[in-house]
Every structure is written in structure tokens, then in C-alpha cells.
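S.K.: What follows is each chain in one-letter form.
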Amino acid sequence: MSDHAYKNDLTGERSLPFLSTLLLRLRFRGSRAEALLGDLIEEYSEWAEKSGDDRKVKAWFSKHLLLSFFSRLPRRRVPLVTELPEVTSGGSMENNRYRGGPSLILDNLRHDLRIAMRTLFRRPLFASLIIVTLALGIGANTLIYSIFHSTMLQPLPYSKPEQLVTIFRVEERITGLNPSVSRLAGLYAVPFALYQDWKQLGPVFQEMGTYSTTAQTVTGGELPERIVGLRADSGVFRALEADALFGRVFVAEDDSIGTPNLIVLSHSLWQQRYGSDPAVVGTDLTLSGTPYTVVGVMPEGYYYPSEGIQFWMTFTDNQKSSAYRAGGYLQVIARLKDGVSLEAAQREMDGVAVRLGEDHPEEKEHGVKVISRSDQVISGSITIIFLFLGAVGFILLIMCANITGLLLVRIMERNKEIAVRSALGSSRSRLVMQTLTESVLLSAFGGLLGALIAIFGLKPFVNAIPGGIARSSEVAVDYQLLFTALLITLITGLLIGLIPAFRSARTSLTEVMGRDSRSATGGRRQARSQAVLVVAQIMIAFFLLAGAGLMIRSYLNITAVDLGFDPGNMLTTQIRLPNSITGDIEKVNAIYNEIEVEIRAIPGIENVGFVNQSPFISGLSFPPILVETVEGQVEAGPHMAISNSTYLETMGIPLLAGRIFSDADGPEGAPVALINKTMADRYWPDEGAVGRRIRASFLSNGAWLTVIGVVGDVHYSMGGYPFPEFYIPLSQNPSTGLNLHIRTSIDPVLLTGRVREVIWNVNPDIPLTIRQMEDRVYSDSGVQGPLFGARAISILAVLAGILALIGIYGTLAFSVTRQVREIGIRIALGARKEIVVKSILGRGLLLTVIGLILGFGISLAGAGVLRAALYGISPSDPVTLIQVSILMLIAAGTAALVPAYRATRINPVEALRQE
Amino acid sequence: MSRSPGDFEQLVLFAILRLGKGAYGVTIKREIAERTDREVSIGSIYTALHRLEKRGLVRAWMGTPTSERGGRRKRHYELLPAGAKALSAAYKALSSMAQGTARRLNALSEAADV
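Quick mapping for you: the protein sequence lines, in order, are chains A and B. According to the numbering used here, the first sequence is numbered sequentially starting from 180. According to the numbering used here, the second sequence is numbered sequentially starting from 374.
One or more hints might be untrue.
[What the hints assert, rightly or not] With a straight-line Cα cutoff of 20 Å, these simulated SDA-like cross-link-like pairs (lysine to any residue) come out:
{"#": "1", "chain 1": "A", "residue 1": "Lys237", "chain 2": "B", "residue 2": "Glu412"}
{"#": "2", "chain 1": "A", "residue 1": "Lys237", "chain 2": "B", "residue 2": "Glu441"}
{"#": "3", "chain 1": "B", "residue 1": "Lys394", "chain 2": "A", "residue 2": "Lys1017"}
{"#": "4", "chain 1": "B", "residue 1": "Lys427", "chain 2": "B", "residue 2": "His449"}
{"#": "5", "chain 1": "A", "residue 1": "Lys235", "chain 2": "B", "residue 2": "Ser414"}
{"#": "6", "chain 1": "A", "residue 1": "Lys229", "chain 2": "B", "residue 2": "His449"}
{"#": "7", "chain 1": "A", "residue 1": "Lys1017", "chain 2": "A", "residue 2": "Val1077"}
{"#": "8", "chain 1": "A", "residue 1": "Lys237", "chain 2": "B", "residue 2": "Ser414"}
By construction, these hints were calculated from the structure, which means they are not laboratory data. These figures come from a predicted structure and were not determined experimentally.
This is chain B alone, in the form it adopts within the complex (with noise of 0.2 Å):
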């Protein structure tokens, strides 16, 4: 294990965390794009992972073809050990440095977007 996912990366791996089975290209871009408000592109999102598939931290597999998607299969994602606790330990940093400061940042940011 090299270095802890990117914030992109990790805002993928949570994506696959949260849909469990049905985690795959298009499904992972709405979750992010709903809960974050960010559209992102389906590339840039296969660029992500691929490069957490590269470092053992996701596994994918072919489904079956299927008609709506002209007869393409899907290509499914999962959560691999390495990657929930890659995934874990990025979100326990991150939380806490946060801790405590959710008052006076969201105050700053408030007066920043004034």
C-alpha cells in the first residue's frame, strides 16, 4: 500500500460502499453526482477506478449483456478489504481533523460566499 486514495478516489470508493451490489459505471456517477452536486464525467470516473482496481482496492467483473446498454455488459465494482480500510483510514484522518471545527468553518465559508 503505497499512499491513501485521492479525494476523488475516495468519493468513489464511497459510492461503491453505498450500493453495495448494483456499483458499477453509471450508478457510481449518479451517486456521486447526487449527494456531492458535482457532475463528473463517466471517464474520468473509469480513469478512478482503475487505478484503485490497480492498487487492489476494488475488484471488478463483466455482468451480462443487456439491451437497454445496446447489448453491452456492465462492468461491476466491489469493495476489496484493502480498499474499505484504505477507505477507512482517509475518512478517520480526515474526520479527525475536522473535529470541532464544523462551527467556525461553516461560518467562514458562509461569510466567503457572501
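Only chain A is shown next, with the shape it has when bound in the complex (with noise of 0.2 Å):
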């Protein structure tokens, strides 16, 4: 059917194909491409009725127009005459419209697309600044928006991923900690004993599976090393829909107490460990001491639920078989059923959450959260990209304006020649149809350009986002960003040619010959669009200078934060010992013990202290406390930290009130604790918290712990704010996994290697990882995160500032040289020079004064997009608006200053001569 349709579509009235008539036509004269594809269709019929098979007919057509197309017939061409072509070209003026009909529009676009290029090789200068500068535009677009697309917009690689979701307990308790960082906050992980009860209770899940981070020391290589995986159960695969490679993964039953120790390798982890062998499978591998079995490989590039995880292992009996409700630390993983909403699963989940609360008092306060997986995994990076894209998006846009503006001018300067070509009968969808082609071969040039600039730039770029962005491993180059980079270069193609073109085709005679013997008022139009491009530059600029100047500020703030305590002259490094000395508390005692004593040793170091969670170091834990206030028992959710007495002292943290851990503080001795400032503050305003009590029903068998001290605030990580924080002493306390915190008195950088060989020398399977405190501070993520955002978005914003003083002075410049006669007479006629100068400085500020209140406005009704990204400023602060206005108001008055100085300089004589 299909087939005999195109038949008649060949040789019919509507013959043959668009696309092969449009080549020979494109490639060859007049009549003879007629005659050739008139016998080519002739030859066509004819083998069509002789041979029965389609297919081998049309292979030949297509062979023999391709034949055609390469012989060396006489191509078209079009006449040389540039400037006036119509006349020449089609003998009559009539044919030089628009008319319809295919061929005469693929004349007239041949026709314009020379045109254009000799005008745009004429001046090579010109054009190609406008290339280079469209490549930027469109190259940084098509990037950002290639993240964008790949990372925010792309489903998640599962089957059905919509029906993934996650599911979090929500806290009442408040922590302290800055609600901006993310939008989890208030959203907590979910202990063992809750995640069962939540599987037994929700039947609107097909599956549900539970996984945490997990970091293991494997032995046996070089150095001890430290990888990460997760805790996982079979749930998780199973959501996930994820099968392994070869072996298995974790089935129901390896979920249940008392099943051995199961481990599933990651693709990098079974390359670089067993390099590729297949016979891994079955045999046993030990981490931190423990062994566990290998079932099976995953395939390659499978990290999920999270990213860049080598393993995934069951959980212990311990953790199966926990009753604890307290503290969380397993994220929960779970598969809609088919046709139920999230909504709905919330309602029921809410349900389940009463429910439970009635069995245990514990859950009364918590609620329950059901979160969809795609956009849990991206909240972390969305306030980022939302930032770029909009940044990019703005200097597009200015770079529009700004080469709109060059057009006009270029469209003024060819004004006689356009009026001429109109009067001569040149219609005006022809002229609007050439300027437009100018514009859009540029923006094509630059678009090639600028995709270019996106495919070898992406990488890097993802790579250099510090802490990453979520799913950066699924950005790459692919149609999709070819596409992108085509949308950008077609639009902008237009955005730079429209206006001009209009001009162009507004352009009347009278008007350019009335211009050029009398004075300077024709070209006020054109004047009127510049007017109007160049504050809407200034317009974004100010937007883009106030929003960088908002991001350096909050960075500085975030710097200038004083962390509480003093991380310079020390090292620091986790110690986690092999498990199996982690079960016996004497001896893991003595280990930290000995290398306390050898470290101490050491000339040069002054302070030795160990605590289990540290700023910039390791997680943190919010434990359920009670606090006993004036008005009596409040809950509470502090952070704990477990440290020895010496700890406070190596850190530097200040000791406000009452005293810190002494020896006194033994096993033997009254349970104590330490507060900070914000947790006394917060409790015991006004009465003093030295002697006042707390309590933890898994401390010290649940007994009361007196407060016997208040120590300063201490940042965990930057742009966060303190929290309410206790202290509980070591040595009443045991805990296994500790960090070791070393103050010294010389540079720390030349104590690195003796520090590690000491405790290498004390127990040789800790895997360690020395740094200095201000190393870890400032490759913080906090850092760095807010650092790149700042730089790259302040290059941005310069870029646009200098397009808009570009703009401004250009545009002074042109008007100047339109009105030189003019000016020239005034100052024949006795026009002082302040006078000339302040009419045209006058003129760019009041230019850049419209912008500025313009751009005011728009970032205040921006300000919401910012404040995420933001650290202790307002994103409508004030001072940075007001001193960024000024600072663009000295850059435009400068700017203007150049072709107002210029204009004084016109000599009245040669000014009136040149007509």
C-alpha cells in the first residue's frame, strides 16, 4: 500500500520526493535539473511496470539521483552584483518576491545565504567577535541545560521509577540544624525494629527494602583500605528490580536471623580485587575482620540505590534482631503498587503510624514521611543547577541584546543601500528574509561553535561541582544535548535578527536621503530600540552582579564563622579497629591507650585527644534524651559526642562554666556529661546548668547524668549553625570507633609520617587517613560548595557587566557619530564643552538609572530563588544592592565618558563639511 503510494507520489502531479528535488535543484541550473529529473522520473515508471520489485526499483532511483547529484554539470550561480542583486539576477523584478512556489523561495534563501556570508567575510572582525561570543552564550547553555535535562528531568534509570519511593520518620524534636541545607531536614533514617513494622503494616507497597552506609576495612591488599557499601537487605533488590550480573543477590530468605554472612560485589570492586574472575562466586571475603560469602557480581555502572558504593552486604543478626527505636540509621526503599498515588501512600502510612503509636509510646511523636525516590535523590543539587541555568539563561540573553545592538548599527550604516534595494522594488518579508539570514548564519556559526565548547566541556565541569551532583555519572554527550545546542542557536538566531530586521525592513527612503542632508533627527527608531536593548542589559547585569555579590558575601560569611574551635597546627584521623578486637572493651582500650602513650611521645606534639564524633570528620547522632528543666522533664535531641578528658583542651573549645572531665570521672564514678552554650541556653536560661541533670534511657543503665560543666559551640560543618550538643566522658562510656585528634606545636605537615608509623606500629590493620584539621575544613563541601557557586557565578556576572558597559558605550558611540553635524553646530554656534559632554554622559546615565530600578525590581522578586543558596545574608540585603548599583553606575559613567570626551572634540568646521 505504502509502497504504491509512493509510486504515485513519483510520478504523479506532486512527483518526486521534497528532499532529492530539493538537491538537484540546490545543485544545478534551471532546465536542465528540470529535464534531468524528468527523465530520471520517466526512467523510473518505466523499470516501476517492468519489474515487479519494489525495493530493487528504488535502490536504483536512489543510486541514480545520487549519481546525478555528484556529476559535473554546471552548477547554480548566483550573480555577482552584491548590492543591488534583484535587478540582475532574476531579469524582472517581479520574480524577486516572495511569491510561493518552492523553487523561487530556494532561490531567494541560496540567494540571501551568500549574501550574508560575503557581507559577514567583509568584515571578519566584526563577525566573528559575534561568533566567539554567541559560541560562549550557547556553549554554557546547552551544558547547563544538558545536566539539567540528564540529571532532573530524566526518569531514574529503574523500570517505572515513579512507583519508588522513600520513605523517612519525621521528628518533631528540633535539632538545630539550618533547614536551608536541604530540603530533607526534620526528615530522619529509621531504626531496624520500625522498618519491620512498617513492612508487616504496609500493604499499599509491592516491596520494601531497607539499606545503610556501611564503610569496611579490607586487609590483604598494600595498606589496609577503607571501602564503602551498604548494609542491605533483599527488599532493596527487589524494589529495585536489580538482578546481578552472575551469582545472585540477596533473596528473602538471607534476610531472616541466623543465615550466614552474604556479600554482593560491585562491577570496579570485583575488577580491581579479583581482577574480572568469574570464580569468585562461592568463595569468602574478609572485611574488618569478618568473612563473608561472595553470591554474586553486579553488572557494570550499577551503584545503586547510591552512588559510587563497591558492595552490598546483610545486615548482622544484631541489627535484624534490634528492638531499639530510639535512633535511625537505615534509609527505607519501597515500590508503590501498581495504580496507588503517593498520596495515598502517605495517608496510609499515616495510619500506620497512629497505630503504632498506640502499641509503642516511643512512635507517639514521630510521624511518618513518603517522599518520591526522584526527588529525594535530587534535592541536594537542585538549588546548584536552578542557579546556573538561570545565570547562563541571563547572559544569553545579554549577549542577544548586545549583538541586536551591533546588527542596528550595521543595519544603519547599509541604510542607503536597504532604502535603495526597497525602492527598486524589493519587497519587505525579502529584506526582513536577508537581515534575518545574516543573524541566523551567525548564531549557526557561533551554535557549532558553542556545541563544541558543551561536548568537551561537560565532564570537566561535572567533575569540578565540588561534592558532586546527584547522578553526574548519567550526564553525557547525546542527542539530546546536539538538540539543545540546535533550539538555543535557532532561537537566538532569531532573538538577534528580529529587530533588525524590522528596522531593516521599516527602512524608508525618504527618510534615509531627508536624514543625510538635514540633521540628526532620522534614525530616532533605531536610537529608540538601542535605548531600549541597552537598559535591558544593564536591566540582567545588575541582576546577575547583585546575585554573585549576595554569593561572595554569604561565602565570606560562611568563612569568617567562628567554628569554635582552633583548626590549625593539628592532624586528624578516624581509628577503627579490626573487628575482632572490637568485641573485647579491654582490649580496644588498651589499643587507644598505647597510642595515646606513643603519640605523646612524639616531639612536637603538644595535645592528644579522642572523641567519637568530630567536626568535619565523621556523621553525627541525635539520640532521644530527657532534660530536667525548672518546669520539669522535657524531651530532647541533642548531639552526643563521647571524648576523653583531654579532648576539649587539644580542640581548643572554651570550658564557660564549671570544669571538664578529670580522672575523677571513672567507671566508678557519678555519671557526668558536658553541655554546650546553646544547649544551657535553651534549658537553663537564667538559672545556670552546672548541677542540673539529663538522661538517656541507654547511658549509664538509664541513670541521671549531672551536668558538671558548659563548653563553647562548635560548628560540625560550614554553613550549618550550632546545635544543642552534650558530652559524655569516655572512660564511663566505652566506645570503639574513635577519632583521634592531634594538636601541635610545629608543622603538622612534617609529623604526617611518624604519627602513621607509630600506630602502624601499635596495630599494623588500621587503615588511616591523617589530614589536618584545616584541610578537612576547608575541602568541606560547605566550602567549596558555596566557593564555586560564588567564582562561577561571579565570572558570569563580570562577563555580563562588561556586555552591558559594551552596550552602554556603543550605543553613546553611534549616537554621537549620528549627530556629529549637529553637535558640530552647537559648538560652532558657542556651546560650551561641559554643556556637550553633560548631555551625552546625561543620556547613558539615565540609560543605566532605568536599568538599574529596573533590575532592582527583579531581583527583589528573585530574591526566593537565591535564599536557598544563601549563608546569614537576605537575598534582597541592601547594602550589597545599593553598593552594586553604584559600582554600575561609576562603570557606566566611565563608559560614557569615552564618546562624550569625543564629542567635544569635534571640530566644527570638518563636522559640517562631511555632508
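Please assemble the complex out of the two chains, which come individually in their own frames, going by the hints.
M.R.: Rendered as C-alpha cells:
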């Protein structure tokens, strides 16, 4: 049927397929192309009748079409006269209108392209300047949009990703965490017992699984090494519908208590440690001293549910059987049943939470939140991506406005040519098309270069984002990118071309001639278009510069924060002991003691401290406790740290009241705690905290702890705020995973090797990452993220500012040129130079002020976008906005001064002679 | 007249001569194909015709549109006196060179075929 239609197409009225016709017509001249096509069709139809095999005939046709296309027939030519081509090319002017008929439009298009090329190459510097500008704009936009598209818009790479959800516990207790740090603030990980309740009571889910991140020590290589992976149950694999490359993933039986320890390897771990040996399945891998049986290997690139993990291991029996409900550490992932909405699931789980509250009083204060998986995955990087998307979009707009301004000047210069052409019968549509072709051609070249920039810049850019962005491994150069580049290029071409094109169409002969013989009143409309463009540029530049200013201030605020401790001259490392030792608390204490003694013996060491959670090194924990206030007992969730007696002194955390831990606070002594200032202020604001009591059910057999002192607040990460915190002594609360802090009196770098040696002398199986505290602070994503953002946005904003200034300068310089005669006459009549300067400067400043006012407006309106990215500064901070406006006003004034000065140098005699 | 027509151009000229009033792209192509057992592309025929036209050996004019050609006109060709002269000169040169060699040539080429 379709074949038949094709044949009819060829022989019937509608003739050959459009594309082939177009190709031949583009290539060959006039009647020869027609005859050739006719011959091809004639032969084709004969062939088609004779032979039944349509495919063969079509193949024949395509082959001959191609052969004909490459034969050396005379090609089409456009007459060499460029200024007034219509008159010479067709003979009659009638021919030169877009009257329809594909061949005529095609002829005109070819014609326009040729002229556009020639016009551009006649001023190569002008053209290449525009092209490079456009390339940068289009490239940056393509790049950022591609990242946005593959990380935010693409569905997650699972089957039916919309069914995947993450379930959190909601806690009402305020922990003081900065809510702007994450949209997920207030949502908490889940204890195992709660997860099991949900699994039993949540019928809206097909599957539910749980996992938590774990770091394990691998020995047997050259050095003991820490690798990161997951504890996971079989539900995770079922929910994600993931299968192993070979071997198997976990199955339901593996989840029950008493099953052996199993592990699934990632593809990269399998390659590195086993040289891709498939016989690995069934063998044992010892991690942190415990053997795990390898059951499977995942496919290459499979790191889900979170990026960069190396293995999946079963939970320990202890974890599985824990009835502990206070603090959670599990992520729960689930797949909704077909047809169940997120809202329905949320309602269902709300009901579950209420029922659980009846059985378990401690659950009463908790709620449940069901979040779509994709929202959760991208929430961390959404701000930075939107920031960039906005910034590069605005930059492109400014660039367009700027280039439009340049093209307007060009049109003005060619006014006479255009007027003559239109007087000779060139239609408006022809004139518009000619100008548009030029701008689209410019943007096509720019787009080509821009696509290259995007292609080669994509990966380096993604890797440069500190802390990375979610799903960055899925960012790749693909058709999407090319399509984006094409689309942006087209839009850009039209944006920069439309105003000049319609200006050129409205050029009238009388106006042009009149302008030349009279004063500078002509071209006023041109001047108005330019003024609008300059105002728009200043507006956008102000918006971007204000944003950059705010981000710089925000960054400075972050780094200026008093951390509450002295990060200088300090070495830090985590000390994770092998599992074979951690079961025996005596041994653990002995090892830590030995390490402390040995390190103190190194010359240049001032102090040594141990703590289980420390700033910029390890995670946080907020266990639920009771606080005895004047009004009675209240529940609270402050941060908890277990430290030895020298930790606070080593860190330089000041004691504000009472005393710090001493040798008296041993296992036999009364249970004690220290609290920080924020906690003291919150619960005992007036009466003093020393001597008050707190209680945690899981500490010291649930005994009350007496507060013996108040210490200074400490920041645990950058860009956050200090939260209530309490310290308990290591001597009363033995802990196996500690961080080591070493205060040195000399450059800590010199001691790194010695410290490592000493620790490995005590036990060679301890993996070590010894780093300076300052280093950790500086490389924290809370510093690097804002630094990167501030830098990148600043570069873009400065670029925007420069473009806007060029816009002002160009416009004023052009208006001076345009008004040379007028100014000359005024000078000749005795106008003082100040007046000339004032009028030009005044015009520049007026445009700037209008732009700034509008910019102020959009900055205030767009403040909300920036809020999440700022620290310690309001997005509508008046100081920053005013500083930026003053800066821009000065810069704009300077840019305007140059043409103004030039105007004063106009020699009246020469100016009048120009006529 | 700069040079004599080349091998392929001679074939085209002969085809036009044979076809008389019916000479245009398709028929010229078919004539050559049938007589020489050579499948040539329409494009190369137009290339040759264009060259011949430029050198004043043939003349072309456009016919009227017909429906079997999708409404496209034919480009008819006719041999000009200069063309006839050039063709006959070329043919003469070739035939005088070939004179008396037919038997040996056949024998040799048959041997080559084996």
C-alpha cells in the first residue's frame, strides 16, 4: 500500500520526494535540473512497471539520483552583483518576491545565504567577535541544560521509576540543623524495628527494602584500605528490580536471623580485587575481620541505590533483631503497588504511624513521610543547577541584546543600500529575510562552536562541582545535547535578528535621504531600539551582579564563622579497629591508650584527644534524651559526643562554666556530662546549667547524668549553625570507633609520617587517613560548594557587566557619530564643552539608572530563588544591592565618558563639511 | 574547435545522430545501453551533453511538459554541423587506425577472455 503510494508520488502531480528535488535543484541550474529530474522519473516509472520488485526499483532510483548529484554538471550561480542583486538576477523584479513556489523560495534562500556570507566575510573581525560571543553563550547554555536534563528531567534508570519512594521518620524535635541546607531537613533515618513494622503494616507497597551505608576495612592489599558499601536486605534489590551480572542478589531467606554473612560485589570491586575472575562466587571475602561469602557480582555501572558504593552486604543478626527504636540509621526504599498514588501511600502510612503509636509509646511523637525517590535523589543539587541555569540563560539574553545592538548599527550603516533596494522593488519580506538570514548564519556558526564547547566541557565541568551533583554519572554527550544546541542556536538567531530585520524593513527612502541632507533627527527610531536594548542589558547585568555579590558575601560569611575550635596545627584521623578486637572492650582501651602514649612521646606534639564524633570528620547522632528543666522534664534531641578528658583542651574548645572531665569521672564515679552553650541557653537560660541533670535511657543503665560544666559551641560543618550538644566521658562510656585529634607545636605536615608509623606499630591493620584539620575544614563541601558557586556566578556576572558596559559605550558612541553635525553646529554656535559632555553623559546615566531600577525590581522579585543558596545574608540585602548599583553607575559613567569626550573634540568645520 | 570529442562523447553524439528528433536524456541513455551493453548514469550523460553544448557540437531546446514526467519538460538535443564534422573526423581516425586489424584484434581479445 505504502509502496504504491510512493510510486504515485513520483509519477503523479506531486512528483519526486521533496528532499531529492531540493537537492538536485540546489545543485543544478534551471532547465537542466528539470530535464534531468524528468528523465529520472520517466525511467523510474518504466522500471517500476516492468519489474515487480519495488525495493529494487527504489534502490535504482536512489543510486541514480546520487550519481546525478555528483556528476559534473554546471552548478547554480548567483550573480556577482551584491548590492542590488534583485535587479540583475532574475531580469524582472516580479521574480524577487516570496510569492510561493518552492523553487523561488529556495532560490531566494540560497541567494540570501550567499550575500550574508559575503557581508560577514567583508568584516571578519566584526563577524568573528559576534560568533565567539555567541559560541560562549550557546555553549554554556547547552552544557548546563544538558546537565539539567539528564539529572533532573530524565526518569531514574529503574523500571517504572515513578513507583519508587523513600520513607522517612518525621521527628518534631528541633535539632537546630539549618533547614535551608536540605529540603529533607526534619526527616530522619529509621531503626530496624520500625522498618519491620512498616513492612508488615504497609500494604500499599509491592516491595520494601532497607539499607544503610557502611565502611569496611579490607586488608590483604599493600595497605589496609577503607571501602564504602551498603548493608542491605533483599527488598532493596526487589524494589529496584535489580539482578546480578552473575551469581545472585539477596533473596528473602537471606533476611532471616541466623543466616550466614553474604556479600554482593560491585563490578569495579570485582575487577580490582579479583581481576574479573568469575570463580569468585562462593569464596569468602574478609572485611574488618569478618568473613562474608560472595554470592554475586552486579553489572558494570550499577551503584544503586546510591552512587559510588562498592558492595552490598547482609545486616548482622544483632541489627536484625534489635528492638531499639530511639535512633535510626536505615534508609527505607519501597515500590508502590500499581495504581497507588504517592498521596494514597502517605495517607496509608499516616494511619500506620498512629497504630504504631498505640503499641509503642515512644513512636507517638513520630510521623512518617513518603517521598518520591526522584525528588529525594535530586534535592541536594537542585539549587546549584537552577542557579546556573538562570545565570547562563541571562548571560545569553544579554549577549543577544548586545549583538542586536551591533547589528542595528550595521543596518543603520547600510541604510542607503537598503532604501535603494526597497525603492527598486524589493519587498519587505525579502528585506526581512535577508537580514534574518545574516543573523541566523551568525548564530549557526556560533552554535557550531558552542556545541563543541559543550561537548568537550561537559565532563570537566561536572567533575569540577565540589561534592558532585546527584546522578552525575548519567551525564553524557548525547543527541539531547545536540538538539538543545540546535534549538538554542535557532532561538538566538531569531532573537538577535528580529529587531534589526524589522528595522531594515521599515527603512524608507525619504527618511534616509532626508536624514543625510538634514540634521540628526532621522534614525530616531533606531536610537529608541538601542536604548531599550541597553536598559535591558543593564537590568540583567545588575541582577546577575547582585546575585554574585550576595553569593560572595555569603561565602565570606561562611568562612568568617568562628568554628568554636582552633583548626590550625592539628592532625586528625579516624581510628577504626578490626572487628576481631572490637568485641573485647579491654583490648580496645588498651590499644587507644597505647596509641595515645606513643604519640605523646613524639617531639612536637602538644596534646592528644579522642572523640567518637568530631567536626568535619564523621557523621552526627542525635539520640533522644530527657532534660530536667525548672518546669519539669522535657524531651530533647541534642547532639551527643563521647570524648576523653583531653579532647576539649586539644581542640581549643573553651570551658565557660564548671569543670571538664577529670580522672575522677571513671567507671566507678557518678555519671556526668558536659553541655555546650546553646544547650545551656535553651534549657537553663537564667538559672545556670551546672549541677542540672539529663538522662538517656541507653546510657549508664538509664541513670541521670549530672552536668558538670558548660563549654563553647562548635560548628560540625560549614554553612550550618551550632546545635545543642552534650559530651559524655569515654571512661564511663566505652566506645570502639574513635577519632584522633593531635595538636602540634610545629607544622603538622612534618609529623604525619611519624604519627602513621607509630599507630601502625601498635596495630598494622588500622586503615589511616591522616589529614590536617584546616584541610578538612577547607575542603568541606559547605565551603567548596559556595566557593564554586560564588566564583562561577561572579565570572558570569562580570561578563554580563562588561557586555552591558560595551552596550552603553557602543550606543553612545554611535549616537555621537550620528549627531556629529548637530554637535558641530552647537559648538560652532558657542556651546560650551561641559554642556556637550553633560548631554551625552546624561543620556548614558539615564539609561543606566532606568536599567538599575528595573534590575532592583527583578532582584527583589527573584530573591526567593537565591535564598536557599545563601548563608547569613538576606537575598534582598540592601547593602549589597546598593553597592552593586553604585559600582555599575560609576562603571557606566566611565563608559559614557569616552564618547562624551570625543564629542567635545568635534571640529565644527569638519563636521559641517561631511555633507 | 579545440579538440576532438572523447570516447564517451562520441557515443553520445552517435546516439543523437541515430535518434534524430527523438534524442533526449532517457533515449540517449537507452541507445547507449542497448548498443554497447554499458549502463551509464543519467548524470554523466548530462555532463557530456553539457560539454558538447558548450563546444557548439550539439544544440538543446526544451520541449513541452508531459504528465508521465511529473510535469517536467524534456531537454531535446540535435547534432549541429560542427558536431557532425567532429564526429566524422573522430570516426574516420578510428576506423583508419582499425583498418585490417579486425581478425588479429578478435583473436587476441578472445585469448584474453579465456
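S.K.: Which hint numbers does the structure go against, in order from smallest to largest?
M.R.: As far as the earlier hints go, 3 and 6 are violated by this structure, in ascending order.
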